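Same order as they appear, the protein sequences are chains B and C.
Mapping of the first sequence onto our numbering: position 139 corresponds to residue 139, and the numbering continues sequentially without gaps.
Mapping of the second sequence onto our numbering: position 143 corresponds to residue 521, and the numbering continues sequentially without gaps.
Since the hints were made in silico from the structure, they are not lab data.
Quantities reported herein were computed from a predicted structural model and do not represent experimental measurements.
Accuracy of the hints is not assured; some may be wrong.
What the hints assert, rightly or not - Have a look at the derived ranges for each label pair, beta carbon to beta carbon: (1) B:363 with C:742: 34 to 44 Å; (2) C:691 with B:84: 37 to 47 Å; (3) B:35 with C:390: 36 to 46 Å; (4) C:380 with B:149: 49 to 59 Å; (5) C:672 with B:206: 10 to 20 Å; (6) B:110 with C:691: 50 to 60 Å; (7) C:756 with B:251: 31 to 41 Å; (8) C:756 with B:135: 14 to 24 Å; (9) C:589 with B:3: 40 to 50 Å; (10) B:110 with C:743: 30 to 40 Å; (11) C:536 with B:35: 29 to 39 Å; (12) B:144 with C:638: 50 to 60 Å; (13) B:155 with C:497: 36 to 46 Å.
Ideal Cβ placement from N, Cα and C applies to all residues, glycine included.
Protein chains: 2
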Amino acid sequence: MEESGIPRDEILSILKNAKSADTSYDRVLSSMCTYPHEIAVLAHTQFIEANMGDPGLFPGTYDLEKKVLKMFGSLLHHNNDPEECGYLTTGGTESNIQAIRSMVNYRRDIKKPNVVMPESAHFSFDKVADLSGIEIRKASLDHFLKVDLGLVRSLIDENTIGLVGIAGTTEFGQIDPIEQLSEIALEKNLFLHVDAAFGGFVLPFMDLDYHYDFEVEGVTSMTIDPHKMGLSTIPSGGLLFRETEYLNDLEIHTPYLSINKQYSLTGTRSGAAVASTYAVMKHLGREGYRQVIDQCMEQTEKIVEGAKALGIEPVIDPVMNVVALQVPDADNIRKRLLDEFGWHVSITRKPRALRLVIMPHINNSTIELFLNDLEKLI
Amino acid sequence: MEESGIPRDEILSILKNAKSADTSYDRVLSSMCTYPHEIAVLAHTQFIEANMGDPGLFPGTYDLEKKVLKMFGSLLHHNNDPEECGYLTTGGTESNIQAIRSMVNYRRDIKKPNVVMPESAHFSFDKVADLSGIEIRKASLDHFLKVDLGLVRSLIDENTIGLVGIAGTTEFGQIDPIEQLSEIALEKNLFLHVDAAFGGFVLPFMDLDYHYDFEVEGVTSMTIDPHKMGLSTIPSGGLLFRETEYLNDLEIHTPYLSINKQYSLTGTRSGAAVASTYAVMKHLGREGYRQVIDQCMEQTEKIVEGAKALGIEPVIDPVMNVVALQVPDADNIRKRLLDEFGWHVSITRKPRALRLVIMPHINNSTIELFLNDLEKLI
């Protein structure tokens, strides 16, 4: 590190160069993140120093967090004081880690606990396993890429403490049969965590007959990520438990702060992200998010139609704005799309298909350009 | 959640009200956070959507992260490709969790591992214990509030995998005898993690004869937090290992991203905080930080002198800008300072004393006002 500092203008010029080396989202079809909403950025900047790790110093921001939790509760059919049952995390990984940690702490009577989840569960659960040493048992998927319920049942034993279901899988945007998982959970006295990191800001704004949230009796906790389809800033995640006591299972004693206990995984915690999430949720309302989702689903249908016209079928009919296209030699097509045309797409594991996430930054002309370029390669 | 969104102006007005309910840092003597530097906020806003969880999309920001790691290396005497040996975390807690996780993963041969650390270790280590199930053994402190080396030795057994030392304890700003801990670690073949979350941005800018970083042979990892004394934005933490292989022990396979492996605890990760940290470190340089630390230490001396004039002694002579004052009935004085004068201070546990952190937002007149008010209460 240099002895002398560099003047402000020079710093701004270096930052500008770095920024120009980053990819703009215009041709990114591989990410579940996007540009945050303008009002989210405004709010974030205004609350830049707020620290939710020491909420006694920031009662105004803390109050915004409670209001966000109430809005989560309203979206996810949680009517039992949601503001006392969760907090805003750094993202889906922290939420998933903490949901599992709460299960483990609640069931301290089980010495070698395991949790059963679909093979499609996000890799954050592998982090949980690595971190906590608990066993993660993965059930394969059925023909529709939902978890196979028979396999879930067969993996449960006397050391199983919980199940996980996904509402919007990362690879295919599929929704597990949460009602049936709930029946199993209730029958076997297990926790049921629903990872709706992506779907939590999509499904409530669609006219679909899915039941995947707290209205399903056996669901005990949920992950919902404002910094994905919620259009908030990074790091905005959400974790909501059915009961306060599950949140309390995460508490650690905290001396020398304005509070005595802390349930978050991190210590210092972004209040800027809290204000940002509050601002964009309040500003858009259900109506605003419905417009966002409508647009994404319209583009999703266009891309599927266009692909079909090229003789390419999706792996499943898209449930939400995630599409997996069955192209021959997907890895090679992916590479050529990037090298020759600058398109960022990714690959699903089983089957290996081209995975596209149709985020709000994707518009009509993006889809046309993409389909044109895809046509040249097949 | 309401059906209709609320107009932008109304949102901004709600945010303004919430903000005014938050405490300004002017009378906050209890926190290790402060206002971030203006250039940090500028950089943060400019890179607001950058996601280090998917670095292939953000090569410009990723490059800034490498440059920050090089600067950490320079501050902490790490000359062995520091840019390959760490990453920017969400803060001290993530860094400490990950340092311990790396030890555990490296020593998979030990079935029931334990880590020995001072009683003064930050509560984040209690989170590690709760999360991972590994045993944390706490050694009491000596008369100077440094860890007692004899007790450390006595707590080590065949299941001990590592030691922790603190460079800047949260309560007293004390520095553990890192060189002696290093000797023990080398002798017993143990990891040695140094938590310099606070001290990492203080000690390098003081003329002290402490050896607490990678120049000490046995130190294997360090925590350093830019969002404390580094004047960066939340969430800016840092974790640096001596060797790349310890970082590799944290890797998890990541399908459907622009990279194949991920070592961070969170998935989506703030690139804004990376740019912010880069900007402020480059802008201030060693010279700039030295000025900041000089000012904080000057105020610290003033408060100690002023307290002594009132007949109040510090628990130890302050090593850095943290002071613990021995007042009678500290809890009551703390409460009255807040209720009657709006001062936020905290309390150390053993002995119970008034704890003050003299951050850069504290100036001459703050100190005078505080001492005046304190005098009225004793």
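Hints versus structure:
1. B:363 with C:742: 34 to 44 Å: Distance hint for residue 363 (chain B), residue 742 (chain C) is violated at roughly 56 Å.
2. C:691 with B:84: 37 to 47 Å: Distance hint for residue 691 (chain C), residue 84 (chain B) holds at roughly 43 Å.
3. B:35 with C:390: 36 to 46 Å: Violated, at about 20 Å.
4. C:380 with B:149: 49 to 59 Å: Given a distance of about 37 Å, which is not inside 49 to 59 Å, the answer is violated.
5. C:672 with B:206: 10 to 20 Å: Hint violated: Cβ distance 59 Å, outside 10 to 20 Å.
6. B:110 with C:691: 50 to 60 Å: Once the Cβ atoms are compared, 51 Å apart, the range 50 to 60 Å for residue 691 (chain C) and residue 110 (chain B) holds.
7. C:756 with B:251: 31 to 41 Å: holds, 34 Å
8. C:756 with B:135: 14 to 24 Å: violated, 57 Å
9. C:589 with B:3: 40 to 50 Å: Since residue 589 (chain C) and residue 3 (chain B) have Cβ atoms about 21 Å apart, the given range 40 to 50 Å is violated.
10. B:110 with C:743: 30 to 40 Å: Because 58 Å falls outside the window, the suggested range is violated.
11. C:536 with B:35: 29 to 39 Å: Taking Cβ atoms as reference, residue 536 (chain C) and residue 35 (chain B) lie about 54 Å apart, which means the hint is violated.
12. B:144 with C:638: 50 to 60 Å: violated, 28 Å
13. B:155 with C:497: 36 to 46 Å: Given a distance of about 43 Å, which is inside 36 to 46 Å, the answer is holds.
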